[in-house]
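For the record, the sequence lines run as chains A and G. In terms of our numbering, the first sequence is residues 2 to 325. In terms of our numbering, the second sequence is residues 2 to 325.
You may find that some hints are simply not true.
One copy or two, it doesn't matter: identical chains are merged, so the pair holds either way.
[What the hints assert, rightly or not] Lysine to any residue pairs mimicking SDA-like chemistry, simulated, CA-CA at most 20 angstroms apart:
| hint | residue 1 | residue 2 |
| --- | --- | --- |
| 1 | Lys148 | Gly97 |
| 2 | Lys304 | Gly232 |
| 3 | Lys213 | Gly152 |
| 4 | Lys286 | Ala93 |
| 5 | Lys213 | Asp287 |
| 6 | Lys213 | Glu247 |
| 7 | Lys148 | Asn325 |
Derived by calculation from the structure, the hints in this document are not laboratory data.
2 protein chains.
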Amino acid sequence: MRTQFIHQFSYTPYAETGGRVVSIQSPATVANMVCGFDVLGFAVTDPYDEMHIRFTDTPGVTIVNLDAYDLPTQPEQNVAGAALLAMLDEVAEPIGLEVSIFKHIKPGSGVGSSAASAAGAVVAANRLFNDRFSKSDLVRFAMNGEKVASGVKHADNIAPCIYGGVTLIRSIFPLDIVELSAPPLYVTLVHPQIEVRTADARGILKQQVLLKDAIRQWGNIAGLVAGLLQGDYALIGRSLEDVLIEPVRSILIPGFADIKQQSREAGALGGGISGSGPSIFMLSKDEATAKDVEAAMHGIYEKLGLDHHTYVTTINHQGVKFIN
Amino acid sequence: MRTQFIHQFSYTPYAETGGRVVSIQSPATVANMVCGFDVLGFAVTDPYDEMHIRFTDTPGVTIVNLDAYDLPTQPEQNVAGAALLAMLDEVAEPIGLEVSIFKHIKPGSGVGSSAASAAGAVVAANRLFNDRFSKSDLVRFAMNGEKVASGVKHADNIAPCIYGGVTLIRSIFPLDIVELSAPPLYVTLVHPQIEVRTADARGILKQQVLLKDAIRQWGNIAGLVAGLLQGDYALIGRSLEDVLIEPVRSILIPGFADIKQQSREAGALGGGISGSGPSIFMLSKDEATAKDVEAAMHGIYEKLGLDHHTYVTTINHQGVKFIN
Chain A
2 MRTQFIHQFS
12 YTPYAETGGR
22 VVSIQSPATV
32 ANMVCGFDVL
42 GFAVTDPYDE
52 MHIRFTDTPG
62 VTIVNLDAYD
72 LPTQPEQNVA
82 GAALLAMLDE
92 VAEPIGLEVS
102 IFKHIKPGSG
112 VGSSAASAAG
122 AVVAANRLFN
132 DRFSKSDLVR
142 FAMNGEKVAS
152 GVKHADNIAP
162 CIYGGVTLIR
172 SIFPLDIVEL
182 SAPPLYVTLV
192 HPQIEVRTAD
202 ARGILKQQVL
212 LKDAIRQWGN
222 IAGLVAGLLQ
232 GDYALIGRSL
242 EDVLIEPVRS
252 ILIPGFADIK
262 QQSREAGALG
272 GGISGSGPSI
282 FMLSKDEATA
292 KDVEAAMHGI
302 YEKLGLDHHT
312 YVTTINHQGV
322 KFIN
Chain G
2 MRTQFIHQFS
12 YTPYAETGGR
22 VVSIQSPATV
32 ANMVCGFDVL
42 GFAVTDPYDE
52 MHIRFTDTPG
62 VTIVNLDAYD
72 LPTQPEQNVA
82 GAALLAMLDE
92 VAEPIGLEVS
102 IFKHIKPGSG
112 VGSSAASAAG
122 AVVAANRLFN
132 DRFSKSDLVR
142 FAMNGEKVAS
152 GVKHADNIAP
162 CIYGGVTLIR
172 SIFPLDIVEL
182 SAPPLYVTLV
192 HPQIEVRTAD
202 ARGILKQQVL
212 LKDAIRQWGN
222 IAGLVAGLLQ
232 GDYALIGRSL
242 EDVLIEPVRS
252 ILIPGFADIK
262 QQSREAGALG
272 GGISGSGPSI
282 FMLSKDEATA
292 KDVEAAMHGI
302 YEKLGLDHHT
312 YVTTINHQGV
322 KFIN
């Protein structure tokens, strides 16, 4: 069964209260970007989570889930909560924050669901603090949410969620985030309804790789960065090749090879696994092609009888968006 | 003893002959560029080789050495000869070419001496053929010269020599060369008078590397490409880090760690081993800094009692230059 992304729910809680409420939309993100394992990521326009935050009289962090995902409400175990606690650690006063979350980005889908919660929470809270913290600080706080989600502090979803566009994490210790410009790009996402745990997807990777494969990989990432900055679509397409991670991880994703081949045949520049999967993304120069790619993906998963969501969207150059 | 680069010899042979003579200057090049092992390279303004080429009545390739390096004159064993033979293979007619070479770039110094001969020869010959071949063809021919020199067809010196500027070899099979723009950069080169054979420098590399080190390396090459294209000197400096090759190869180069540290202290953005060494290059934002770096290098090798050449030059955006 094919399901379309629909905003089933959208309201502003606290509208009746006197306190200031900050409401935001926090976007999904695609990490790795084929040849940029652990260092590249980009934000998309759809889907996004909705979040609302306000000060409360109870010091610490209170989580309110507005959706049906039944995520933990203990702040230490909640990705938004852990990110906010890291932020409050650097605020001298005893502050209380209440964050209400309506997730539209399905946890575990591989398009940065945890990053959207963690990054959205700290960006919204920072507005309550009159933007006291830098974007780089916010990435640092939000990585604590990623640690709750996957055990590892990584920033390749967090950074594009906060900065928007395509970001490079040149280094994580010390944190060095580089914003990369990009020509207009349409993104087709497909989320097959299977579970791939990030820990499993990471566990099957080899700790050692052949130098010759690594060289091919860094030739490609250099080509991809050049293609993005120079607006060279053909170069972007040629550089979207992953000889190290995809061959291992793609075996966890049904229909991956067909999706890739038929997307290219439909005109996509290229693409691959989003994050650690199971979602797959493809980049196209125009919307019509991106929709042809969606149709190809749909056809493959219909044939396999696999439930799936698709999105045709664009690169989101804004990142987290304030809606009040 | 410190020796300065001087053009000891410069003349145009065949000036008295009736036939057309093409004369060129073929520049030295710096391959690898720290984090871009096997894929990045750039051309410099100094030093360069001088070459003169003309048609002769004897089919095949005739090599005339004008310098004192006593390089092979059998065309199959000469890098310029092998490159020209590859070119003649694709020319239907039985053609004779005579190339006279005055090398100023010392063979084995690690700044693309063989590439200068191979690339210069085919660029000059192509002019005799009224530019019948594309730059990409010329790279392909010239790689046959590299094979004679080091046993491997590589293009990270050849490509910048022919295209000028900074080039990325995204892929060698099929050949995919990307020209990268760069902000103004001064280059300090030092050539310690020791021998490092390319084959040895390659032999000590491990065939397997840690994935985490490879990730750090491709974060850096992505940062370097972004820094070059965006003209971000600080990012270029931060990205000039090599966690894979330099730690192994630098042990072959006396004083390497001191040169690197004191060059940074003198204001260099960064740098490292040129090609497979023994030359070392450093990049600076301005000429005064590049000269301070030269003084630091000089001081270190004076103290070690090691003969060396230094050059303060710039990135050469033209590549092989016609001088008639």
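Now the hints, each set against the structure:
When the C-alpha separation of lysine 148 and glycine 97 is checked against a cutoff of 20 angstroms, the pair qualifies neither within a copy, at 22 angstroms, nor between copies, at 68 angstroms. Neither within a single protomer nor between protomers do lysine 304 and glycine 232 lie at most 20 angstroms apart by alpha-carbon distance, with minima of 36 angstroms and 49 angstroms respectively. Proximity of lysine 213 to glycine 152 under the C-alpha cut-off of 20 angstroms is restricted to the inter-copy arrangement: shortest distance 16 angstroms between copies versus 30 angstroms within a copy. For the identical chains of this complex, lysine 286 and alanine 93 are neighbours neither inside a copy (48 angstroms) nor across copies (42 angstroms), given an alpha-carbon limit of 20 angstroms.
Taking the closest pair of Cα atoms, lysine 213 and aspartate 287 never come within 20 angstroms of each other, the shortest separation being 35 angstroms inside a single copy and 36 angstroms across copies. In the homo-oligomer, the alpha carbons of lysine 213 and glutamate 247 lie at most 20 angstroms apart both inside one protomer (16 angstroms) and across protomers (16 angstroms), since each shortest distance falls under that limit. For a Cα distance limit of 20 angstroms, the shortest separation of lysine 148 from asparagine 325 qualifies neither inside one copy, at 30 angstroms, nor across copies, at 64 angstroms.
Hints 1, 2, 4, 5 and 7, counting from the list given before, are not met by this structure.
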